[in-house]
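**Student:** Chains as they are written, first to last, in the working numbering: chain E, 1 to 550; chain U, 1001 to 1550.
Do not take every clue at face value.
[Said to hold, decoys possible] Once the Cα atoms are required to be at most 30 Å apart in a straight line, the calculated DSSO-like pairs of lysine-lysine come out as:
#1 U:K1440 x E:K297
#2 E:K97 x U:K1093
#3 U:K1006 x E:K297
#4 E:K377 x U:K1440
#5 U:K1548 x E:K548
#6 U:K1548 x E:K174
#7 E:K178 x U:K1440
#8 E:K440 x U:K1178
#9 U:K1178 x E:K377
#10 U:K1093 x E:K370
#11 U:K1178 x E:K93
#12 E:K6 x U:K1093
#13 U:K1297 x E:K440
#14 E:K297 x U:K1188
#15 E:K188 x U:K1178
#16 E:K188 x U:K1440
#17 E:K243 x E:K97
#18 U:K1006 x E:K548
#19 E:K440 x U:K1440
#20 U:K1370 x E:K178
#21 U:K1377 x E:K174
#22 U:K1178 x E:K370
#23 E:K297 x U:K1297
#24 U:K1097 x E:K440
#25 U:K1268 x E:K297
#26 U:K1006 x U:K1188
#27 U:K1006 x U:K1097
#28 E:K188 x E:K82
#29 U:K1370 x E:K437
In short, the hints are calculated from the structure, not lab data.
Number of protein chains: 2
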Amino acid sequence: MNTSLKERLEAAYAAQQSRTYFAAWPESPRAYAEDGMAQGLLAFQSLLTQNFTELLQEGSQGWVGDEVSPYMMTGLGVQYPKFAPEVLIANAKSAQKVWSKTSADIRAAVLLDALDRVALRFFEIAYATMHTTGQSFMMSFQASGPHANDRALEVLSMAYHELNRFPSDVTWVKNMGKFDLTLQKNYKAIPKGVALVIGCSTFPTWNTVPGLFGSLMTGNASIVKPHPKSVLPIAIVVAEIQKALVAAGLPASVVQLGVDTLDHPITKELAENTAVKLIDYTGGSAFGDYIESLQGKTVFTEKAGVNSVILDSVADASAVFGNLAFAASLYSGQMCTAPQNIFVSAEGVNTAEGILSYDDVVAGIANAVKGLAENPKMGAGTLGAIQNDITSTRVKSVEAAAGSSVALASMNIVNPEFPDARTASPTVIAVDAADMKSWKHECFGPIVFVVKTESAAHSLALTSDSAAELGAITCSCYSTDNDFMVEVEDAMNEVFTPVSFNFTGAAFVNQHAAFSDFHVTGGNPSGNASFTDSQYVNRRFVWVGNRKMA
Amino acid sequence: MNTSLKERLEAAYAAQQSRTYFAAWPESPRAYAEDGMAQGLLAFQSLLTQNFTELLQEGSQGWVGDEVSPYMMTGLGVQYPKFAPEVLIANAKSAQKVWSKTSADIRAAVLLDALDRVALRFFEIAYATMHTTGQSFMMSFQASGPHANDRALEVLSMAYHELNRFPSDVTWVKNMGKFDLTLQKNYKAIPKGVALVIGCSTFPTWNTVPGLFGSLMTGNASIVKPHPKSVLPIAIVVAEIQKALVAAGLPASVVQLGVDTLDHPITKELAENTAVKLIDYTGGSAFGDYIESLQGKTVFTEKAGVNSVILDSVADASAVFGNLAFAASLYSGQMCTAPQNIFVSAEGVNTAEGILSYDDVVAGIANAVKGLAENPKMGAGTLGAIQNDITSTRVKSVEAAAGSSVALASMNIVNPEFPDARTASPTVIAVDAADMKSWKHECFGPIVFVVKTESAAHSLALTSDSAAELGAITCSCYSTDNDFMVEVEDAMNEVFTPVSFNFTGAAFVNQHAAFSDFHVTGGNPSGNASFTDSQYVNRRFVWVGNRKMA
């Protein structure tokens, strides 16, 4: 491996160990080619209503594709080569023979090359993400571009470090008194086998590349099974990895894309195949539980959670309401990190200007959400569009069930650029803590409950129970009471949930920074794995040591 | 933590990373007190027919104990305090509150102190091991004494390193163009919960302390459930850990011993308790599979395997036969690392003096086993005694089924020191590869099959299949053909089995050295964990990061 590649890996590894700020790819589109946006749009448009012909894997039979733009509400018309699961498996097994024997240095070089190739298509991937997930352009660019690449690099550098943790060869000498017993030993990191990476509809690259690069770097040929409604962004990424493989003289089928449709899913057939030893999954909990129940597989999941906010006491209430409104509105609450339940004591919230009653708080949050949604410079861009009809329908049915407790109804926010976009601003619902059937389950999408509790301690108890039972990826706490903050951190950490305290301004609970923030802890029902602890890579291979008489 | 403790942990960690020879406790009894053996025997004898009163945990109801010396064939008469599973769990949950908040430095200091206390009782533990497992005195001393302590230290130092992998606090600064976003972040290693460590009858401390020290070091209060026939050695270890805890002002119940009997086992009740989050298990595969199937637990298993020898070509046949005879005879084949099936081609074995036929090889192995068993200076001391009647019965029934294929019948080797000892030297049985119902399953104990194959390649194929299907902890290969050795290493490593090549002299396939050899890979059915890769400690806790607005 050449020095500059090694330095890049080492810099990334050093950053994730120190957990200080690091980004290998700038998050601002302005840091890239000046005509990047225009060229990216053209490139994206040229893919529409066409067969996607960039994939280098072989054995397809026909074409398949079923994506719809949440902004245009029309089909993208992109068709992908269709592969029978057994063809994907056979290709992977054959590629695995070569890839498992490829050195870690070469694997790392190929995968870094792939990330560099992907970076040249960030704008195109951004448009592809926008028109499959409904994210705004800016979020699409950042999440599917630099942030996803950073997460991939984070895993890559962690895996590279762990693969080199033990020496490949040693001479072991034990003095036996009158003589030395000398053995030659070697240590090999043996890949577990074929890997399957199952993507989700909302973050098709960000949630896919960590597992994918983890399995690939540790020597496992991988099959990406994207969500049938969010294929194009990851199709481009897979195509670029294949090009990097071929450029290095390696089989393209080390990574493959297996596209299916909602009507004819192939995920279970792939997952249950005995050759598949590793599965990464992002998505709903029911299917995630099924994936976790499969015997003889090593499984990494990110499932649903219910994220809570404990609103105890604040310095500046309007700054807090604004921050919460943004956190709940960003991509219309379709982030796995978005807050759903805001717990507020019936005793009210202490502020610098006196106590705000529970009703004042509900009104404050509702007004902040409304103000953001209706702000012509902010609303449409923050909310993006709703990825699918199920989410839109859920908002309506939750509101209908809530009846008069709806403090702010969800609104259709017209996006001047895309008048047909499927949009919905967050609904804000005021409920009593006792009304658990309302708030104590996941309501994915732009739905916020402001839950009235008996006290701050009660808020914490409910938040902790909810995380333990339903899982939680984030938890937010606003308090000026240091003792209470310590209590919250202890109680929530005990149910393996991280806490973000007093976020205002540019800090949002939704954002988990690569190299610094663990994403999902793996300790509660929201998932069994974490981006990126060392297990995330170590569970993908097995150390085997051999000994030889010297 | 004081400097010398830190240096000890660092030296141990450095050794296991470099995988060179290291031992923190000398394996020779001569390195310890001159009167150690005599004092140890007295101490052991003083425990017999008494209540074991050293445990500091509370809430016992009555006494229980059912151990029998395989050397004397009489009960030890040691009675242990009896605890209801719910009492053990309640004690553990209460201790967990304190232990989980105890710093890694203090945990490490307490556990190192415990190991030092244990070392003062090595001789006593050796006699306790001898008279529960049937191991010879020397093996008892080494395996339950210095080797077990070394394995515990190996895990301790790995865990200490991993717990300190990420900083406890950082200031994270992200430049946002016109301003800096600054967050204070912390990272905490949160223990998973109460741990259960289930011991086996043959290696009551060696196989228990790695999981126990792994769980304890990572902050999990632990319950040791020893095999009811092998309690005393680990009871002494648990008592010493409790003393170290109390000396540090910590609750004794951070570790507890839960003794049961074969008639009234408590293992399932403990294992299924929802408070139990971690389980370490050593023993048979059926119960191990049950343990692995439990939902919501993190499980580490060492189960049964079938270890093979591929005998292709050798320089010095008699050296090889001698080495194999010793490997099969050591503790009468009751080591999880002992060879069971020796694969020899019908084409014979190439030696420096020409080809040995399959029959010559069978005779050579049988003679070497017989010579060792009947050697008055070696036989009884190498074989030790048979831990339980089931093993003795198995030897007889396997021989009966084998009929005329028995090349060497198992013998009762009289031990002059213990004339009533239950002994059995290895039976050597010649079978055809096609006779899979004979050899292709685990026959625990002093049973060796010399399996006639079509070729060396056939031997390898059978060895590889067997490891993949039945599991294997070791594999031995004798060959002078370098290409074949590469093939064997590749094929066996692919089924996650380590290979030892051409062991003669003082090198035996049974011996796995702490800090250098991984024990069990975790990749085949012989177990899902490895002493000691980093997962062995990392899976016992969860990283949680918290963020605060600066």
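**Student:** Mind listing which of the numbered hints don't hold for this structure, in increasing order?
**Tutor:** 2, 3, 4, 5, 6, 7, 8, 10, 11, 12, 15, 18, 19, 28 and 29
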